[in-house]
Amino acid sequence: MAETEKTTVAATEAAPVKKAPKPASPGTQALRKVVSDVYAAAWTAKEKGEPVGWSSSKFPCEIAEALGLAVVYPENQAAGIAAQHDGERMCQAAEELGFDNDICGYARISLAYASGVETTNESRRVPMPDFVLCCNNICNCMTKWYENIARMHNIPLIMIDVPYNNEVTVSDSQVAYMRAQFDDAIHQMEKIAGRKFDEKKFEQACANANRTAKAWLKVCDYLQYKPAPMSGFDLFNHMADVVTARGKTATAEAFELLATELEEHVKNGTTTAPFPEQYRVMFEGIPCWPDLRALFKPLKANGVNVTAVVYAPAFGFVYDDMDSMARAYCKAPNSVCIEQGVEWREGICRDNKVDGVLVHYNRSCKPWSGYMAEMQRRFTKDLGVPCAGFDGDQADPRNFNQAQYETRVQGLVEAMEETKKLKEARA
Amino acid sequence: MSIEALVKEFAEVAANPKAQLKKYKDQGKKCIGVMPYFAPEELVAAAGMVPFGMWGSNDKTISQAKEYCATFYCTIAQLDLEMLLDGTLDLLDGVITPTICDTLRPMSQNIRVAMSEKLPCIFLAHPQNRKPAFGLKFTVDQYTHIRKELEKISGAPVTDEAISEAIKVYNKSRAARREFVKLANAHCDVITPIKRSAVLKAAWFMPKTEYTELLTALNAELSALPVCDWKGAKVVTSGIICDNPKLLQIFEDYNIAIAADDVAHESRAFRVDAPESGDPMMALAQQFAEQDFDVLLYDEQSSSNRRGEFVANLVKESGAKGLVLFMQQFCDPEEMEYPSLKKALDDAGIPHIRLGVDQQMRDFGQARTAIQAFADVISL
Ligand code: SF4
Ligand code: SF4
Numbered sequence: 001m002a003e004t005e006k007t008t009v010a011a012t013e014a015a016p017v018k019k020a021p022k023p024a025s026p027g028t029q030a031l032r033k034v035v036s037d038v039y040a041a042a043w044t045a046k047e048k049g050e051p052v053g054w055s056s057s058k059f060p061c062e063i064a065e066a067l068g069l070a071v072v073y074p075e076n077q078a079a080g081i082a083a084q085h086d087g088e089r090m091c092q093a094a095e096e097l098g099f100d101n102d103i104c105g106y107a108r109i110s111l112a113y114a115s116g117v118e119t120t121n122e123s124r125r126v127p128m129p130d131f132v133l134c135c136n137n138i139c140n141c142m143t144k145w146y147e148n149i150a151r152m153h154n155i156p157l158i159m160i161d162v163p164y165n166n167e168v169t170v171s172d173s174q175v176a177y178m179r180a181q182f183d184d185a186i187h188q189m190e191k192i193a194g195r196k197f198d199e200k201k202f203e204q205a206c207a208n209a210n211r212t213a214k215a216w217l218k219v220c221d222y223l224q225y226k227p228a229p230m231s232g233f234d235l236f237n238h239m240a241d242v243v244t245a246r247g248k249t250a251t252a253e254a255f256e257l258l259a260t261e262l263e264e265h266v267k268n269g270t271t272t273a274p275f276p277e278q279y280r281v282m283f284e285g286i287p288c289w290p291d292l293r294a295l296f297k298p299l300k301a302n303g304v305n306v307t308a309v310v311y312a313p314a315f316g317f318v319y320d321d322m323d324s325m326a327r328a329y330c331k332a333p334n335s336v337c338i339e340q341g342v343e344w345r346e347g348i349c350r351d352n353k354v355d356g357v358l359v360h361y362n363r364s365c366k367p368w369s370g371y372m373a374e375m376q377r378r379f380t381k382d383l384g385v386p387c388a389g390f391d392g393d394q395a396d397p398r399n400f401n402q403a404q405y406e407t408r409v410q411g412l413v414e415a416m417e418e419t420k421k422l423k424e425a426r427a
Numbered sequence: 001m002s003i004e005a006l007v008k009e010f011a012e013v014a015a016n017p018k019a020q021l022k023k024y025k026d027q028g029k030k031c032i033g034v035m036p037y038f039a040p041e042e043l044v045a046a047a048g049m050v051p052f053g054m055w056g057s058n059d060k061t062i063s064q065a066k067e068y069c070a071t072f073y074c075t076i077a078q079l080d081l082e083m084l085l086d087g088t089l090d091l092l093d094g095v096i097t098p099t100i101c102d103t104l105r106p107m108s109q110n111i112r113v114a115m116s117e118k119l120p121c122i123f124l125a126h127p128q129n130r131k132p133a134f135g136l137k138f139t140v141d142q143y144t145h146i147r148k149e150l151e152k153i154s155g156a157p158v159t160d161e162a163i164s165e166a167i168k169v170y171n172k173s174r175a176a177r178r179e180f181v182k183l184a185n186a187h188c189d190v191i192t193p194i195k196r197s198a199v200l201k202a203a204w205f206m207p208k209t210e211y212t213e214l215l216t217a218l219n220a221e222l223s224a225l226p227v228c229d230w231k232g233a234k235v236v237t238s239g240i241i242c243d244n245p246k247l248l249q250i251f252e253d254y255n256i257a258i259a260a261d262d263v264a265h266e267s268r269a270f271r272v273d274a275p276e277s278g279d280p281m282m283a284l285a286q287q288f289a290e291q292d293f294d295v296l297l298y299d300e301q302s303s304s305n306r307r308g309e310f311v312a313n314l315v316k317e318s319g320a321k322g323l324v325l326f327m328q329q330f331c332d333p334e335e336m337e338y339p340s341l342k343k344a345l346d347d348a349g350i351p352h353i354r355l356g357v358d359q360q361m362r363d364f365g366q367a368r369t370a371i372q373a374f375a376d377v378i379s380l
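Sequence lines, in order, name chains A and B. The opening residue of the first sequence carries number 1 in our numbering; numbering runs sequentially from there. The opening residue of the second sequence carries number 1 in our numbering; numbering runs sequentially from there.
Since the hints were derived computationally from the structure, they do not count as laboratory data. It should be emphasised that the depicted structure is a prediction, and the values quoted were computed from it without experimental measurement. Glycine residues also receive a C-beta, built at the ideal position from the N, C-alpha and C atoms. One or more hints might be untrue.
Claimed, not checked - Label pairs and their calculated CB-CB ranges:
1. Lys-316(B) with Glu-122(A): 52 to 62 Å
2. Gly-87(B) with Lys-201(A): 57 to 67 Å
3. Glu-300(B) with Gly-194(A): 44 to 54 Å
4. Lys-316(B) with Lys-200(A): 37 to 47 Å
To be verified - Some chain A residues flagged as far from chain B (calculated, every beta-carbon gap over 10 Å):
5. Arg-151
6. Thr-169
7. Met-372
What the hints assert, rightly or not - A short, non-exhaustive set of chain A residues, derived as facing chain B with CB atoms under 8 Å:
8. Trp-43
9. Thr-44
10. Thr-249
11. Tyr-361
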């Protein structure tokens, strides 16, 4: 899951633009720079002969940050490659290596890349890894994906394992297990970095990560306003920053800057969304990166703004000590029980006042899509809003059917209209 | 009893788990469904209940499970849910739901929700960092939870003594199954693929004391036979499950014997014993920690290709000439390990075929063609 790209779909690309796209705001530009810098830093490290790591999106980034290790994020890379329409070719390259086309598209793209297949998306080229950091809180696919990279390159793998949780709370037993793994990971990463773990730097990284998380949540919260000062699709783009650079000051600052811009829009009653908002929906799941335009088109045509995305609460890791940090990392979207998943979603649906829910049954992501049908029933029951599901894939365009999607969006719009009328009649 | 009579008993059990379930319930016993993988069945036995393996079904169709599950999930998990929904498993008193793959994670939730008024669901999350002390501790914590939940169902405490006893019973049963696998290889003229499968499958639906007694008798009969001079081909099977008699019939039709297996439903489930001394809960955790060479488990030495090489060695040591991989559709763990397995087999000069299968498969025409061609290749 998690990741993203700096393609500014909502504001520019997805809309069939006749005039030149509006220049991005300073906040958005700052956010893009943060991500570019992460990629550039990896290349610089490689040139200097320093080790470069590849990390899963929800590995505790604070450790590498404290050790000054350069790290890039294959999920972000894969999303970027997919968004720039090189996903299918990369997926097929992985299939030629023997990886089945049922496997998560991110994993396939990344494994193809790791095996030496270069991408046409120059902004997402990365140096080959000297070590890999795997945290399987989002899925177990991650475990085998990273093992495969370790095997291809004969490099060390640092594993932080987060067992799936059946309860809303994180047990002390699980925290103890996590804490011990953190210590182990630090120890192994010290060897890779060739320097001692610096508590002060770690505290700073944690402070930055918390500040980023809070600024991110603040940005997400602006979607509560009616009309929303932006399209929720923009959040997908900004995800790149929470994924690749949570522990950096520049990230926190860029989000804070974006927040002031949104504040201004709210004050002026303006928005960067390229159409007037008639309906508000939650978009459930990872978007289909290769088909952002196709996703956006019928939404725009019907005045449907995405005002809630599950990523918002899912990446707001706020904590104050090692134990609560361990607890925070246990709460990734695919590591929590259905009750927690429903609570997150219904919370943002209520806060962000949605009229409906659009559910992506994502062929790539089994842990995510596996209990969506039940969730859908709960949304309808608890929130009284209509839901519509469509079949797609975050990275492999072969699994997305545009005609089906359009029909489902149409159905959702009609259902939302119906509900609106009923409400008005009752009022 | 004759070999034929013994095998027949196993085959009857394997073919009709529902009747088995009823039989134990009629005896006043409680039964616990155990989904894959690595659940500590010993605890169920120690609680005085009968563990019942849940590995999908070869003759059911997914229908009610569609209410919970999109199509792109393995049929094993979906059919387990189906059997819980359609009443096939109504006689169960509880079900253990492990969550070691990405399908089983959400499935544990679907099952708990769907069964909320019908059946207690006992959740199990194994750690992947299972070997270090902290991993062992986490496994013990998880197993302690299972123990408590089982006590609620049985209404009586599960004592350490009972667990130690169950460990002995299970070790014996695992040893007997390992022995049987070897004997089946040496006597593959008598123990054909269908029979081999039935004998091993029955273990999931019988209390182990009963099962081991029967299997020991069969092993003794087999040991007394002269080693067969097999003229046909021999393979190792690999994958999650390959218990469909129709599929195995094709092996028999082309004189292909199974020399050994790397199958989750078979040998992967009885490779490792639990220590018989010390704290029994820790012994069970240790047993899980020592599981290895498995597509589902994290390999601390992942930069080498240990699993692939392990399987390639298995082929060589068993005297097989090739490997048949039963690839369950939508099974990420198996699919992710395939290129590494392929590499190890290619490096060792071992031919293999990969057969895409699922439990709703009813037409085996393609499989037949592939197996026949493979038999020709390895008989050269
Ligand atoms: S399976 Fe899902 S959670 Fe895992 S990497 Fe793929 S998209 Fe992300
Ligand atoms: S390991 Fe494979 S076959 Fe088994 S439940 Fe998971 S996906 Fe299904």
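Exercise. Using the beta carbons of Glu-300(B) and Gly-194(A), state whether their distance is inside 44 to 54 Å or not.
Key: About 22 Å separates the Cβ atoms of Glu-300(B) and Gly-194(A), which means 44 to 54 Å is violated.
Quiz item: Would you say Met-372(A) is clear of chain B, with no C-beta pair closer than or equal to 10 Å?
Solution: violated, 7 Å
Self-check item: Hint status (Cβ of Tyr-361(A) to nearest Cβ of chain B, threshold 8 Å)
Solution: holds, 5 Å
Quiz item: For Arg-151(A), is the shortest beta carbon distance to chain B beyond 10 Å?
Solution: violated, 6 Å
Quiz item: Cβ-Cβ distance between Gly-87(B) and Lys-201(A): within 57 to 67 Å?
Solution: Holds: the Cβ-Cβ distance is about 60 Å, inside 57 to 67 Å.
Practice problem: Return the status of the interface hint for Thr-249(A): holds when the least beta-carbon distance to chain B is below 8 Å, violated otherwise. | Solution: This hint is violated: Thr-249(A) lies away from chain B, its Cβ roughly 32 Å from the closest one there, beyond 8 Å.
Exercise. For Lys-316(B) and Glu-122(A), compare the CB-CB distance with the range 52 to 62 Å and indicate the outcome.
Key: Once the Cβ atoms are compared, 47 Å apart, the range 52 to 62 Å for Glu-122(A) and Lys-316(B) is violated.
Quiz prompt | Status of the stated non-contact between Thr-169(A) and chain B (beta carbon gap over 10 Å) | solution = holds, 14 Å
Quiz prompt | Interface hint outcome for Trp-43(A) [beta carbon to chain B under 8 Å] | solution = Because about 24 Å separates Trp-43(A) from the closest Cβ in chain B, which is outside the 8 Å limit, the hint is violated.
Quiz item: Is the gap between the beta carbons of Lys-316(B) and Lys-200(A) within 37 to 47 Å?
Solution: Since Lys-316(B) and Lys-200(A) have Cβ atoms about 55 Å apart, the given range 37 to 47 Å is violated.
Practice problem: Report holds or violated for the interface hint on Thr-44(A), using the least CB-CB distance to chain B and a cut-off of 8 Å. | Solution: With a closest approach of 26 Å, the Thr-44(A) hint is violated.
Checked against the numbered hints above, the structure breaks hints 1, 3, 4, 5, 7, 8, 9, 10 and satisfies the rest.
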